[in-house]
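Residue numbers (our numbering), protein chains in the order written: chain A, 51 to 317; chain B, 51 to 317.
Read the hints as simulated data drawn from the structure, not as lab findings. A quick note: this is a predicted structure, and the numbers were derived from the prediction, not measured. One or more of the hints may lead you astray.
Chain A is faced by these chain B residues, among others (derived, beta-carbon under 10 Å) [stated by the list, open to error]:
#1 R160
#2 P188
#3 A191
#4 W225
#5 L255
#6 A270
A short list of chain A residues far from chain B (calculated; beta carbon distances all over 12 Å) [what the hints assert, rightly or not]:
#7 P81
#8 E208
#9 L311
Examples of chain B residues toward chain A, derived with CB under 10 Å [claimed, not checked]:
#10 P89
#11 Q91
#12 D205
#13 W226
Virtual Cβ for every residue (Gly too), placed ideally from N, Cα, C.
What follows is each chain in one-letter form.
Protein chains: 2
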Amino acid sequence: MNLDRFSVNQMTVKQLPLPELVAHCVRLGIPGVGLWREPVQEYGVEAAAALVRDAGLTVTTLCRGGFFTTDGWEEANRAAIDECVTLGTDTLVLVSGGLPPGSRDLPAARARIADAIGTLAPYAGERGIRLAIEPLHPMYAADRCAVSTLDQALDIAERFPAEQVGVVVDTYHLWWDDRAPAAVARAGATGRLHSFQLADWTTPLPAGVLNGRGRLGTGAVDLPAWAALVEKAGYVGPVEVELFNEDLWARDGAEVLEETLEAFLAV
Amino acid sequence: MNLDRFSVNQMTVKQLPLPELVAHCVRLGIPGVGLWREPVQEYGVEAAAALVRDAGLTVTTLCRGGFFTTDGWEEANRAAIDECVTLGTDTLVLVSGGLPPGSRDLPAARARIADAIGTLAPYAGERGIRLAIEPLHPMYAADRCAVSTLDQALDIAERFPAEQVGVVVDTYHLWWDDRAPAAVARAGATGRLHSFQLADWTTPLPAGVLNGRGRLGTGAVDLPAWAALVEKAGYVGPVEVELFNEDLWARDGAEVLEETLEAFLAV
Numbered sequence: 051m052n053l054d055r056f057s058v059n060q061m062t063v064k065q066l067p068l069p070e071l072v073a074h075c076v077r078l079g080i081p082g083v084g085l086w087r088e089p090v091q092e093y094g095v096e097a098a099a100a101l102v103r104d105a106g107l108t109v110t111t112l113c114r115g116g117f118f119t120t121d122g123w124e125e126a127n128r129a130a131i132d133e134c135v136t137l138g139t140d141t142l143v144l145v146s147g148g149l150p151p152g153s154r155d156l157p158a159a160r161a162r163i164a165d166a167i168g169t170l171a172p173y174a175g176e177r178g179i180r181l182a183i184e185p186l187h188p189m190y191a192a193d194r195c196a197v198s199t200l201d202q203a204l205d206i207a208e209r210f211p212a213e214q215v216g217v218v219v220d221t222y223h224l225w226w227d228d229r230a231p232a233a234v235a236r237a238g239a240t241g242r243l244h245s246f247q248l249a250d251w252t253t254p255l256p257a258g259v260l261n262g263r264g265r266l267g268t269g270a271v272d273l274p275a276w277a278a279l280v281e282k283a284g285y286v287g288p289v290e291v292e293l294f295n296e297d298l299w300a301r302d303g304a305e306v307l308e309e310t311l312e313a314f315l316a317v
Numbered sequence: 051m052n053l054d055r056f057s058v059n060q061m062t063v064k065q066l067p068l069p070e071l072v073a074h075c076v077r078l079g080i081p082g083v084g085l086w087r088e089p090v091q092e093y094g095v096e097a098a099a100a101l102v103r104d105a106g107l108t109v110t111t112l113c114r115g116g117f118f119t120t121d122g123w124e125e126a127n128r129a130a131i132d133e134c135v136t137l138g139t140d141t142l143v144l145v146s147g148g149l150p151p152g153s154r155d156l157p158a159a160r161a162r163i164a165d166a167i168g169t170l171a172p173y174a175g176e177r178g179i180r181l182a183i184e185p186l187h188p189m190y191a192a193d194r195c196a197v198s199t200l201d202q203a204l205d206i207a208e209r210f211p212a213e214q215v216g217v218v219v220d221t222y223h224l225w226w227d228d229r230a231p232a233a234v235a236r237a238g239a240t241g242r243l244h245s246f247q248l249a250d251w252t253t254p255l256p257a258g259v260l261n262g263r264g265r266l267g268t269g270a271v272d273l274p275a276w277a278a279l280v281e282k283a284g285y286v287g288p289v290e291v292e293l294f295n296e297d298l299w300a301r302d303g304a305e306v307l308e309e310t311l312e313a314f315l316a317v
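Kindly produce the complete structure, drawing on both the sequences and the hints.
Encoded structure:
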């Protein structure tokens, strides 16, 4: 894929302080970054916004809102939407949350998530922010995200206007699903494909299964096929590379960024 | 659930040598066991068959055939079918195998699995053995089983007569899937629900994600709802408890067996 589509998700090189990340992006000609709320808040939201704006970077997404099955979700998500406005991004990624403590009722958790998104959608829409529901791999259904497939995410999104609620397609979470190709087409046809993220699937998975996302080209995912699928669905936006990986975090951030860019261009 | 439905999968208490497992089942009134090929071969297939037969135990399944994407699958699976005949069970559980080495073509792996099952089905049918395709959790799609949902398993099974090829419903693998309830009904309606296995989903998952299946009642799965679902689909056969769990294997096997039985009766 081409450099002008590339966006590096901040989590991929979380060892880099924001000013260094921005400087390296400028040096390498990287046009976009996906930011995370916590490091942005640490730096200061206004200051972060000025930093990326002055560097000419596009903030492709803010990660993340969601966790609708825990207390305080509404206030936290309204704040996240406001932060999107400040940062100049139009897309808030939603990781919806798992089962509430003590519950085994997955359908109820999913209903609660849909209700919460309904509460937030107008607020987001009035501010020009799109809520992008990210289905996470089913191995996170209990404790992180009860929305496990792209079809589930679309079933929720389609209750609302496309400029308010859409979906994220992340290869790490969806690569295994034989229904995902049709769902990607569905997302494209309804104007709800709001973000495309890449990571590869490598095994064995680490304990806790959170921080073992594979560098592009090192795992089981047919990334060119996914890129073609998303393109065929009409998606022409930025492509984020988002790797949660302890090994990468332990290395020199600039080196990891350069390597990630190279792997992206090779897809 | 009632004792007369209970079957203990050998892997749950793999620390118990087969004669001890059989003796404890007799002592506790447990009517069924699901056996694994490797420990049965170590003991001797004929000898194992005599042991369980003399104890009046039903061998509910033999685990496992499959791994169709690796060399030697045909000979291994014909041998597994023959072992089913010797052991007096009518069901061979299939774990289908993941991507072949170096491949990223998941649809091709799935096609190869379906072809292999087609090769074996008549051989199994002539011997009164049912091949039971077990969809495994999507976190195993790359390296263990490319059949990730019950619908996928049924799509393959339905190409063949129901007395030759069916499916396994295992709560650990399917609990997250919102389409699973309809698929369970489909399996029942077409006479293909050949085995029902229970395990709970607990987090965090251990490294490698293989040996962290939860004891019944300790995790996220609504087991009574699953039991009701399978019953509504017309399944009246044995219910196996199959736990792969390092912590349980480190404990006294008889104690684990008693505890597992109690937890089963409480579902």
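TODO: Identify every previously stated hint that the structure contradicts and give their numbers, smallest first.
DONE: 10, 11
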